[in-house]
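Novice: Use the sequences and the hints to build the structure in full.
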Amino acid sequence: MQVWEAFALFGGGLLAGGVNAIAGGGSLITFPLLVAIGLPGVSANVSNALSVAPGYASSAVAGRPDLVGQKRRILSVIPTIVVGVLCGSSLLLFTPHEAFEVVVPFLLLAAAGMMAFQKRLRSLAGHPKDNSPRRTAVLLQVVFFLCGLYGGYFNAAMGVLAIAGLSLVLDEPLRRINALRNVFAAVVGTTTVLVYSIFGPVDWVAVAVLAPATVIGGYVGARLARKLPSELLRWIIVVFATVVAVVLFLT
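If you read the sequence shown in UniProt numbering, its first letter stands for residue 1, the second for the next number, and so on.
No wet-lab data here; the hints were simulated from the structure.
We treat Cβ as the ideally placed atom computed from N, Cα and C, and that holds for glycine.
All clues stand as given, with none of them false.
Derived DEER-like restraints, expressed as beta-carbon distance ranges: (1) Ile-74 / Val-35: 32 to 40 Å; (2) Trp-4 / Ser-132: 55 to 63 Å; (3) Pro-133 / Gly-38: 45 to 53 Å.
Specialist: See below:
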């Protein structure tokens, strides 16, 4: 790895960590960078997953004030997230990933639409506060499994999908949902580190450069996200997801 490539990866890691904490989708910055310096697609994907994992953890730590009262909820969904990630990781390692990449832009547009038209969707599907505790618990398990499946397979922009789904299920302020999303991402990151470290074609030099940068960016980004008004945070996520989807369509 040349010096300029290392600087580019470190700068991209800082930006990606911050974006992951605020809106999700930072991997769509680091993944193309890894491909640009010459890594094959699968190697870039697994190396990226390992690189951004520490940033997810630092974002979760920075968002602890908004996790107060959510301990039971978190503990109940961790096994579901892990199972989803293991299924997604298996798909990545043992099947061609080109077909899934075709679907990714559509998933992002769907997530952006869910966030943009959240109020209308709630009026059609029912406001989360009208759900029984049992129904909310079941829907949470479904959302976290599907997002874990996606995160284990492609990783990029999984936070956007998670926060869109959770916003329709939970009657919580967006900053608390965002903090929960960061915990989800940390669980996904930890699981993929364990799987890809053993079975994946990891480029450890790239990981060594990217990982510290995502930690710094993730912590700063999470602190910033807590100060943003919910409506502004929601539209940042919508705009970012739409832009990324368009870029993926074009590429």
